[in-house]
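A.B. asks: In case you want the letters, here they are:
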Amino acid sequence: MSADTTRADLRTRLGDVDVTGWPARVVGVVVFFVGWFAVASVFPNELMPFPVETLEVVYSLFQSGKVVPQVAATLKRIFWGFLASMFLGIQMGVLMGLDQYQRKFITPHIVIGLSAPLIAWSVIATLIFGFSIYAPILATILTAAPFIAITVWKGVEDIDTDLLEMSNSFGISRRRTIFKVVLPSVAPELFTSFRFGLSLSWKIVTITEIFASNSGIGYQIIRAYGFVRFDEAWAWAVIFMGIVLLLEYGLIKPVQWRVLRYRPDTDISFVGGR
Amino acid sequence: MASHTHDDGSDGPTEAAGAIHIEDLTKQFDTDEGVERVFENVDIDIEPGSFVTLLGRSGSGKSTILKLVSGVMKPTSGDIWFEPDNVEIGYVFQSPRLLPWNTCLDNIEFVHEHNPGYTEEMGKEYLDLVGLSEHYHKYPSQLSGGQRQRVGIARALSIDPDILLMDEPFSNLDEITAEELRAELLSIWQQLNKTIFFVTHDIDEAIELSDRILMLGEGQIYADLEVTLERPRSLDSEEFLAFRQRAIDTFHDV
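Sequence lines, in order, name chains A and B.
Count the first sequence with our numbering and you get residues 1 to 274, in order.
Count the second sequence with our numbering and you get residues 1001 to 1254, in order.
Only chain B is shown next, with the shape it has when bound in the complex (with noise of 0.2 angstroms):
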């Protein structure tokens, strides 16, 4: 478990990020119809402190890659390791995946087995991080689809993760709402320097969000494109109408 206290004895988030390898990664199902190879091969780097997104269409095995990396599930060969050795990896599902008996707090709360200094004033903070100070202990069924994932976010922060897994997190919410928590999560990315592994299949969003967009399809990655734009990226200036455009082509090119 990562540290929850920082240089000078506060609690609270810290900036460990960690870097994720993954080399020879294969994936195969042994199915009815006999063996589905998922994707073979694949390599990936990501470096501490980095924004990167895996972008492919449904079914192309994004979400896959995440639970092999957070270790969820095995993969058929291939190694995955990471820098430090002994990270902690959060993970954001895509919907909130709530225990819907427990309040916000006890959600939170729930993750923290291995963690004996943890207190509900860590639970707070991490809640007041996603702007839900005002619903400590609301059960799930009581907030908005939108709130429920923010209590998803604070829940895998709150571990303080050197990792953050987002398997396409906002994809069920509506498009304001969407827009709302994408801004939250760069903030929050900005402020705490996380590396972020984030899984989506909507280009705008990659590039919004992204330092790095790597595309999977065909059961490899077939594109890696840095994303140069300036922070905080418009969708409709040129350079991000530019860079679109060119993502799509290569998006369309596998």
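The following block holds chain A by itself, in its conformation from the complex (with noise of 0.2 angstroms):
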């Protein structure tokens, strides 16, 4: 294909195909399967499955019965961890947009939430609250919270004062304000913050499992490396990211293509389309 092919040619040359929507994922998603088949043909069978080897462990794990309560243990962390992070994270950073004096208080904490590395505030939490629930929310809130404030800080701040001023115009109350006018000039930051925020919910949880817990995916994960049954690690890993993809396509997606469609192409397929 030249260098000035574009993706309208494209089209043009595959007809009525799209190529840009479920298909594209498809092939994402085979490539996938391909690389992972490519790389374990490198490896020792014993360190690196094959994806149909894992996926059959997959399978006997469901059949097990162990993957429900192991996944809705890691759940419950995240759950707990992501939304306290969100409820502070988007506090922060929105007493950080509204004021100049709150974000200059506020910025040496994010700061430091940002600097520090992943393992350190799981190492921290895990130190003061040992195999408790509360290890993976405080790791989770030390971890997200800053990222989620600087992302609702910079909508906040970007908030167009002319719609502000038109809503007062017209005697518009406080609350409608709020609910019709500020939020929604948000949304695109608050999914981002979102999305991020539960990612790094995920990561944080799932490594403070693996310190300071005797349930959940990350535990599961490290039960199985202290076994040397990596190919149960690789399992378990594989359980991880479907429900990631599960979430990611099955609900966030659908409601943020909701919330955004107003947007025009460009800043739909920013955010991801459909």
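Some clues are possibly wrong.
Said to hold, decoys possible - Some, not all, of what chain B presents toward chain A, calculated at C-beta under 8 angstroms:
{"hint": "1", "residue": "L1099"}
{"hint": "2", "residue": "P1100"}
{"hint": "3", "residue": "H1135"}
{"hint": "4", "residue": "L1235"}
Said to hold, decoys possible - Distance windows between CB atoms, simulated:
{"hint": "5", "chain 1": "B", "residue 1": "E1121", "chain 2": "A", "residue 2": "Q91", "range": "39 to 49 angstroms"}
{"hint": "6", "chain 1": "A", "residue 1": "S173", "chain 2": "B", "residue 2": "D1079", "range": "24 to 34 angstroms"}
{"hint": "7", "chain 1": "A", "residue 1": "P254", "chain 2": "B", "residue 2": "I1248", "range": "56 to 66 angstroms"}
{"hint": "8", "chain 1": "B", "residue 1": "E1120", "chain 2": "A", "residue 2": "Q91", "range": "33 to 43 angstroms"}
If you are wondering where the hints come from, they were derived from the structure by calculation, not from laboratory data.
C-beta: ideal position from N, C-alpha, C; glycine also.
If you follow the hints, you should be able to join the two separate chains into one complex; please do so.
C.D. replies: Written out as structure tokens, the structure is:
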């Protein structure tokens, strides 16, 4: 294909086949599995199993009834950690966006939160709370809240003051202005922080489970590693990825498309489309 | 909130119009360099149902006067009052200021928070009035600049205002679209008989539209011209050109 071949040219060549929607995703998944197969061919089988073998282990884990309680334990920690991070991060972001003094006060905390490595918070939270649920929750807050705050801050700062003035000139109440003007204004940033915060929560909770838990996906991975069951460790990792993809395509993207559908195509494609 | 119901019980725009009285109005801003006075002791009286234009250069304080009249900004001193006391004021801005996440109809619905009688049919009626009957459910990003400004006008008219404030509403549009909208605005004004307080820096636009032109400069209203030309006004008629020359001479007097 020549360098100046455009996507439109490609579409013309392929006739009515839309290569930018679901077919593109299917091709992406197929390429992923082919890549996995290729890498697994290089490594010894006991270190890295092939995709089909891994999927068989996943199936057997489901059959044994282990998956649901372990996933539920991880999801519970993520839920509380993520909720607390969003609550704190949004408030910090809004305060930073509203006032220069508040921004200067909060910024050092954000910088500290952003600069410390993920695993450091995990270790610190474990040292403080041991095996309790509070360790992953605290680690999640310390990791995700600063990212959420930064994103929401930019959103609040960029609210179109002309729209607020329009609302004021028509005598619209504060409550309606918040729900109809302010929140939709920051919706793209809220989605970004939601998605980013959730992915960070997944990672930090799983890491903390490795250190300080006797349940959850992270614990199962380290346990499989301890028993030199690498195929099982891979299987748990695949289950983890499956849940993330399910949330992304089953929940976040449809809601995001619905909320942001007013935006021109360029913006929709920026957020990933449908 | 002004009534949206005619005497015969039908919904829709009424011919209610209000008077504006401005007395000794002064506005100043505190800046890093000290106090900046925008205008001082301004007096304006606008009759109900009239079309009055405030003409001035950029930065002369025209838009500030509209903001003070609308109540979104407070004066440093002076009084603004209306007849009747509880007038409804509609505001059309230089840029349409539509909520991009709302359709045309939802943008109109947004300003009807205090109007429990508002129905979607009323919103459609006002969109019809400005020629957007095919675009009820479109988002602003799907409309042209002129169509967006039409939605802004429909939104302002939909609250059935006694007074319509218009802040250079056509200055961001191409001349052909602006001319179309001026003609439509005049038609709507003659139909509904609202009081219109219009701001522009375009002398031709001021003469074409207005009953009276107030010239603002150096912090004062320094001229009050009554436009006696018959409507519809042709921009290349002798009378128009003669009046235009007089207005330009007066404009440069300051």
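A.B. asks: Hint by hint, say whether it matches the structure.
C.D. replies: Tested hints:
1. The restraint placing L1099/B at the interface with chain A holds, with a minimum CB-CB distance near 7 angstroms, inside the 8 angstroms limit.
2. With a cut of 8 angstroms, the hint placing P1100/B at the interface with chain A holds, because the nearest CB-to-CB distance is about 6 angstroms.
3. Restraint check, H1135/B versus chain A: the minimum CB separation of about 14 angstroms is more than 8 angstroms; hint violated.
4. Taken as an interface hint, L1235/B does not check out: its beta carbon lies about 31 angstroms from the nearest beta carbon of chain A, beyond 8 angstroms.
5. Distance hint check for E1121/B and Q91/A: the Cβ-Cβ separation is about 42 angstroms, which falls inside the suggested range of 39 to 49 angstroms.
6. Checked against the hint of 24 to 34 angstroms, the C-beta distance between S173/A and D1079/B comes to roughly 26 angstroms, which is consistent with it.
7. Range check, P254/A to I1248/B: about 60 angstroms between beta-carbon atoms, so the 56 to 66 angstroms window is met.
8. Range check, E1120/B to Q91/A: about 37 angstroms between beta-carbon atoms, so the 33 to 43 angstroms window is met.
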